[in-house]
Every structure is written in C-alpha cells, then in structure tokens.
Amino acid sequence: MNASIAGALLLIGRKLLTAFAQLLVVATLIFSVMYIMPGDPVLLLLGAESNPSPEAVASMRSQLGLDQLVLSQYFTWLWNALHLDFGNSLTNGYPVSSYVLANLPRTLELAFAAIIIATLIGVPLGIAAALKRGSMRDTVLTSIATIGISVPVYILGTLLVLIFSIKLGWLPASGYTDISRNLVEHFRKLALPALALGFGLAASIARMTRSSMLEILGRDFVRALRAKGMPERRIIWQHVLRNAAIPIVTIIGLQLGNLMGGTVLVEAMFNWPGLSTLLVGAVSARNYPLVQGAMLAIAALFIVINLAVELFYSLLDPRIRRKRS
Amino acid sequence: MLEVRNLSIAFGTSTGLKPAVCGIDFDIKPGEILGLVGESGSGKTITSLGVMGLLPPNAVVTGGEVLVDGVDMLKRSPAELRKLRGRHVSMIFQDPMASLDPIYTCGDQIVEAILLHEPIGKTAARKKALELLEKVRIPDPERTMRSYPHELSGGQCQRVMIAMAVSCKPRIIIADEPTTALDVTVQKQVLDLLRGLNQEVGAAILLITHDLGVIYEVADRVVVMYAGKKMEEATTQNLFANPKSDYAKALIDSMPALGCKHARLPVIERDAAGNVRSVRPEPCVRSARAGPVPEDANGVPLLELKDLCKSYWVKPSPLSAPVEMRAVDKVSFAIAPRTTLGLVGESGCGKTTLSRAVMRLSTPDSGQILFKGTDIAKLSESAMQPFRREIAMVFQNPYGSLNPRQTVADLVAAPMVIVGEGTSAERSKRVAYLLDAVGLPKAAASRYPHEFSGGQRQRIAVARALALKPSLVICDEAVSALDVSVQAQVLNLLKDLQLEFDLTYLFISHDLSVVEHVSDTVAVMQKGRIVEYGPADDIFAAPKDAYTRMLLDAVPIIGVDRAARRAQ
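Note that the protein sequences, when read in sequence, are chains R and G. So the first sequence is numbered by the numbering used here: it starts at 1 and just counts up by one. So the second sequence is numbered by the numbering used here: it starts at 1 and just counts up by one.
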C-alpha cells in the first residue's frame, strides 16, 4: 500500500515538473515573439508622428531596460515573471499583474460556467443517444449535436440575444456587473455568454460521450454484469459510465483549456471584461508588457488545467494509477 | 432441471430473418456436466445466451421453450429474468480478463455479485467473497481481493469469475469456452476446479467449447452442433467410441491428436446436398514446380541460433530500479533446410520475442543468428535487406494481419512492390500463381479480406508470405485462431507448400498436438530458455524434461489413456 502511495506522489511530482518545463518553454516563446514582432514600442510610446529626438528615445529605452543585452533582458523578465511581476503597462504605468489578476477570474468564471452547462447538457444527451443506438432518438440527437458543432459561436450568440433579451426581455444583452455589487445582476449577465459558449461545447461532449459509451457497452464485462443479474440502470451508471469517463473527461478538460484563450469572440460580443478582452486591447495598443502578461496567464491556466485533468485520470482508472507511473 | 425444447433463434437482417439456431433440444440433470460442442458459427454461444435471456438486440427467439425447473424462461418479464440470472443460472465467459470490470477490484466485484442476490451486510459479503476465493484455490486470496483484474494472470481472473459464478449457489452454470484463452496447464487446473465445484455445489454445468479434448476430459454427455442444428447427442464415452453422425465423425477425425501422427489430416467437406463427411485429401501434386531444387549445402542448417539473448527492462513498482527480464535467454537451435522446427511453450515464455529477433524486427542483445551461414544478428538495416526477402512470417490473427482496404491482389503483391520486383504484369502473374498454390480461386484477387472466412484469410496471408520466394517461413501461432477443420486444411496446405516451394518452417505454437503433427524437430521453451530440444518423435515418445512432461500431461486426450500409449 505504501509503495502505491509513494508511486502516486512520484507520479504527481513528475507531472508537476513536466508542467513547469512546459511553462518555461511557453514563457520563452512569448518573450521571443515579442522581440521578433515588427514595430518599436519606444517609438509607439513616444508617438512616432511627433518625431521624438534620439536622446528622448535613448532615455526611454534605458528606462524600459531595452538597451540591455537580449539575454539579460530575458532573464530579468523571467525572474520577475516568477514573482508575478510582469512590468508596468506602457499606456498608463499601472502594474500588468493588477490587470491580469482583475481579468483572469472573470474569464475563469465564464469558462467554468460554459463548461458546466456543456457537461450538464452534453453528457446526458450522449448517454441517451448511446442507449438507443440506431433509433429515431439517436438520429435526432446526433444530428442536433452535428449542427451544434458547426454553428459558429457568434451566430448562436446573436440568436440568444435576439430571443432572450430582445424578444423575451428576460436577460441583459451584454455587460458585466461585479459580484460584490449585485449578485443577481452578475449572474444574469453571465447567463447569455455562458450559454452561447456552452451549447457548442455540449455538442462535442455529447458526441464523445455517445461513442465512448457505445464502445464500453460492447465490452465483454457488460455482458458478464448482466449475467450476474445486475439491474440495467446500475450497470450503466456504476460500470459503463465510469469506464467511459476517460475520453469524456479528456475532451472536457481540453475544451476548458481552450476556453482560456478561446473566449475572445464571446467576450467581445457580450462586452465581458476578461483576459481575451485585455489581450486584444493590449495587442492593438502594442502594450508589450501587458500582452506578455496576459499570454503567460492564459498559457499557465491551460497547463494547470491539463495537469488537473491528467491527475484526475488516475483517480478514474487504476490501470493508469499503477502502471504508467 | 434445465430443459431446452425445440429452441430456434434467428438474426434480423436487412433481407429478413436469418436462422442461427434451428430446433435445438437438450436437457441437463442436476449435478451433470453437459458438453455443447461445435465450430465457430455453429450457434452454441447464441444458444447459451438464449437460455440466459441475454440475446443481442438483433437476435430473436422464433420458437421453442427454455424450462428451468419447469418454468419457461422465455415467458418471464425482464425483471424476473434478471433475478434468476446469477442466482439460478450463472455464466462463465471465454476471456476472463475482459469479463471483469477493469476499474473495480476483484473483491468489490465478487461482493457486488453476492449483495445483488443475498440480503446480507457488506462485511459478511466480504467474508464470503474471501471464502469463495479460497474455495477456487487462488494463491493469496487477501491480496486478490484488493487486486485489479489487470494485476492478475488470465488463469487467476478465470478463478475470480468462477468464484463469482458460484457465489449464490446457482443451480446451473453455463461455461462458454472457459479455457480457450488459457494455457494448457492452466486449462487443466480450471477444468479440475470446475469438475470439483460441480460435485461440491451440486450445480449442473453446460460446458460450451470447440475443443473436443476438453469435452472428453470433463463432460458426462455431449451435444454436437453444426450450422445451428443438433447433429448428435450421446454420452461422452459413446460419442468418442462410436460417433453416429457423419459430422461428429469428421470433427473427431480432423483433430490432430497427440500420439497419432498422420501425414495429412482429414478435413470436413460438404457435398452438394449439404451432407458433411470427412475426407483425407491427397497431397496436391502440381505439375509446375516453383524452381529447381536447391542443392543441400552439405548439411549446413538454414537457420542456426547460438546463445541468443534478448532482455527487457521492467520496473516491478514505480520506485524500484528497473530489473532485467530475460525474454530470450541463451537460446540455441538449428533448423535443417526443408524441415519444420516446432517451438512450443506457454504464453509469456518468449516465443514471440524470439521470432521477432529472428525476423530482426528487434535487435538481439547478444548471440548469433546464422542464416545460411551468415550472422544476421547485428547487421544494419541496409545490410539486412537481402535477407529480408528470405524470411517471411505468417501471423496468428488472419483478421488483423490483412489491411481491410486493400484487395487480395494488392495484399499479396505488396512485398514485391516494397522491394521493387518485376513489372506490374509480372507481379499479377505471380499473384495468380500464388493464389492458385494456396488453393484460392482466381476471382479472389479482386476481392477484399472481409469477403473471406478465417481459413481463407490465412491462405491469403500464406500467399503473401511466399511472394518473394522465401526459404524460411515463421508461423507465429498461425493456426491458433482457426477451427479444427479449418486448422486441418491450413496445416495440410503448409505441408504441401513445403514440398512445392522447398520451405523451411519455424512453427511457433502453444498447441502440442499441432506441433507434434507438423514438426520434424521440437524445441520446448520455458521462461526464455529452451528446456528440451530434439527430434519430434523422441520428445513426444519420451520427454526428458519435467516441464515437457507437465505440458504433455495437461493436454486433454481422447480415447486411449496416455500411460497405455507411452507403454506401446
């Protein structure tokens, strides 16, 4: 028993180490992309049209630390980033970390709300379709899922706004209210963007659930469970679903990770002040420290979520727990 | 106790109902073991699933009744049926590893089965599960309770399945090919266990198998099925001593049995009227020979292994240092040209690792592989090229080893295309020649693998192996996935081709009777080592090694008993 606990710890340790290495690689990429990109942030900052004097440019350069060796800039940046210090915004001088920390929870909230909606819709639909394979119900559900995957999120979003806020007037069309100011209003404003994101994801979760369930339903042990005299409902919930869970959890985790940077359209459409909004604004303003900070935050969230999913696998499947370590 | 009356089952297809079982009758008395024997597709498994009420959705019962203690199972509601399952009638399946849920411990699964039918607490159920595991004589029952199925061997998993099947003292146990996936020695233990439990628990057993040897060992009475129909029902003694139906006769004939070696095996044929009979086909002598007979190179073996070693590094637990697992440990043997070496051993003994090393699909750690006198053990991939043509392989699973998207012509021509041999026209001529040699019609060339039966597919695989005129063919369990009568056909074919194409075979199998039938020399492998090696006749007549004797004793034998035969 001790050996298996030690094995589990070792597994977690190794995964953490891999995650850290991944983060380092991503950080390096982000740093170098910023460096390779055309356009001089100093000129941009001083206003290229005003033809700044070479002295002013030079003094700004040294102020930003851009006159140092690239390698030393890189290590300084990395070291600061490790301490959650991404420098200051070029436009107003506030620390980047304060922006990131303010916007990150909003994106996380939106993403989690969307994924919960997607799971609550997708998994039951997938199960329902799998249990009546080839029936009318299966065909209808599978077709809905296909349509759900293929409809772009902005069309779905527009439809939702048309129906729920313009026609029915139930929900606000866009905006954001802080949770501390008005709890109910906060969630009312969350509802439409989360639904718009969630529907599309629900479709692919439903498809994955269906195919994964069908695969497990065809396994020998399901027949053996029936031969034991186990009620069908218990076979489905206790045995089939848990065996089918790994690909489902994988796709949910992947989508959650993708949502970290993939909420751009929805955030823009519903005026939701999340990480993507921050990133888009920073890119168009060439606010390099802010871009780097926001990108690093998105990448870090993605890696953390993937790590969590992988660790969750081993809870689900003893074979991964004991064999792959 | 169980009476099956005139049971008919059909599969619903797009063209209407296709009968799978037609009017089967049999009954089982308490404490009896009834064998249900037949080849794949004969309807034996469907019959058993019909009895359990577990037919797949596309199968329907078209007539008859299944009476358990006088009550018709087919007329019960699904809920009533479910209560009977596991309690009155329980089942043991072919693949024990796949029949257990991989994500629950074995203990949990037995406890679950007990709690389904008995009103006792969890602690009491655990205690009972532990007793059951002791009863099925599993080593270390405590640990087995905590183990997941993948941590146990196939034999241990089957014991867990049996423990589960007897947990609620069922009246009838249906065992569907319970030992087919297991090694002979494990098979013997499981059969002994089943027979012991049958006497102890008093349950009747319906034993379904394609293996006549297993039937002979344990069954009291036998029902022989063919194409959904009952061919014969007799006591075991009577069936083997004096089979009445032509099919039963043919089936018994076509089985290669230990101790009686024929030049050729009889095969089962159907005549135009649909009657079956056993024929012993003449060797097919063909006018056109493949080429001039190569001269014997003064007794130099075609293939010789000297102290071949191949290890894997495995970690017994996550924290321990990797330890060396010698899959092939100082193996030496030689195969003379145009002879067959049979390599036998149980699963995990290193047979396949050895064949992969000889094919140079992996590089051996040390030792020599002398092929026609050249050591190929350490040759580079490019230096290996000319030898690749000389060595071909036929795999176990004819369903998995043929690409389903290619036509037979493409499949057979593939090796020639890879080495860039001949023009397209020459290649199709060779394909036609090879298909003819393995006994397939010309029209086969343009068809796809799924249009062929298992035996025909194995013929395609053999034709492909011969495409480059190899001198050594490695058959890795080449007939293990086939029915006895089909197996007989393929074995006969391999013998014919050996003469015609001057082939040398390395024939790998776990089946001792097949190996005895085909081999000139035999090597017995255990845990990576060759424990016994010599002429086939000597080894089967007087095995010297204890392991060889154990293997031979574990094989169920029909008819005469072994001691008497050995005395002859």
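Any given hint could be a false lead.
Claimed, not checked - For lysine-lysine, the following DSS-like pairs were computed, each having C-alpha atoms within a straight-line distance of at most 27 Å:
id, chain 1, residue 1, chain 2, residue 2
1, G, 442, G, 469
2, R, 132, G, 18
3, R, 132, G, 244
4, G, 122, G, 188
5, G, 29, G, 169
6, G, 378, G, 527
7, G, 75, R, 132
8, G, 229, G, 244
9, G, 75, G, 135
To be verified - Residues from chain G that face chain R, not an exhaustive set, calculated with beta carbons under 8 Å:
id, residue
10, 52
11, 54
12, 103
13, 113
14, 347
Note that these hints are calculated values from the structure, not bench results. Bear in mind the structure is a predicted one, so any value in this text is a computation, not a measurement. From the three backbone atoms N, C-alpha and C, an ideal C-beta is built for every residue, glycine too.
Here's how the hints hold up against the structure:
Using a Cα cut-off of 27 Å, the hinted pair residue 442 (chain G) and residue 469 (chain G) holds, with the two alpha carbons roughly 20 Å apart. Taking the CA atoms of residue 132 (chain R) and residue 18 (chain G), the gap is about 23 Å. The hint holds against a cut of 27 Å. Between residue 132 (chain R) and residue 244 (chain G) the alpha-carbon distance is near 47 Å, which puts this suggested pair outside the 27 Å criterion. For the given pair, residue 122 (chain G) sits about 34 Å from residue 188 (chain G) by alpha-carbon distance, which is inconsistent with the 27 Å threshold.
With a C-alpha separation of about 16 Å, the suggested pair residue 29 (chain G) and residue 169 (chain G) falls inside the 27 Å cut-off, and the hint holds. For the hint pairing residue 378 (chain G) with residue 527 (chain G), the CA-to-CA distance comes to about 24 Å; that is within 27 Å, so the pair holds. For the hint pairing residue 75 (chain G) with residue 132 (chain R), the CA-to-CA distance comes to about 24 Å; that is within 27 Å, so the pair holds. Restraint check for residue 229 (chain G) and residue 244 (chain G): the C-alpha separation of about 15 Å stays at or below 27 Å, so the hint holds.
Taken as a hint, the residue 75 (chain G) and residue 135 (chain G) pair is broken in the structure, with Cα atoms around 35 Å apart against an allowance of 27 Å. Checking residue 52 (chain G) against chain R by beta carbon gives a least distance of about 6 Å; that is within 8 Å, so the hint holds. Interface hint at residue 54 (chain G): satisfied, since its Cβ lies 6 Å from the closest Cβ of chain R, which is below the 8 Å cut-off. The interface hint given for residue 103 (chain G) holds, since its Cβ lies 6 Å from the closest Cβ of chain R, which is under the 8 Å cut-off.
Using the Cβ-Cβ criterion of 8 Å, the hint placing residue 113 (chain G) at the interface with chain R is satisfied: the shortest such distance is roughly 5 Å. Among the interface hints, the one on residue 347 (chain G) is violated; its C-beta lies about 19 Å from the nearest C-beta in chain R, farther than the 8 Å criterion.
In the structure shown, a violation is registered for the earlier hints numbered 3, 4, 9, 14, in ascending order.
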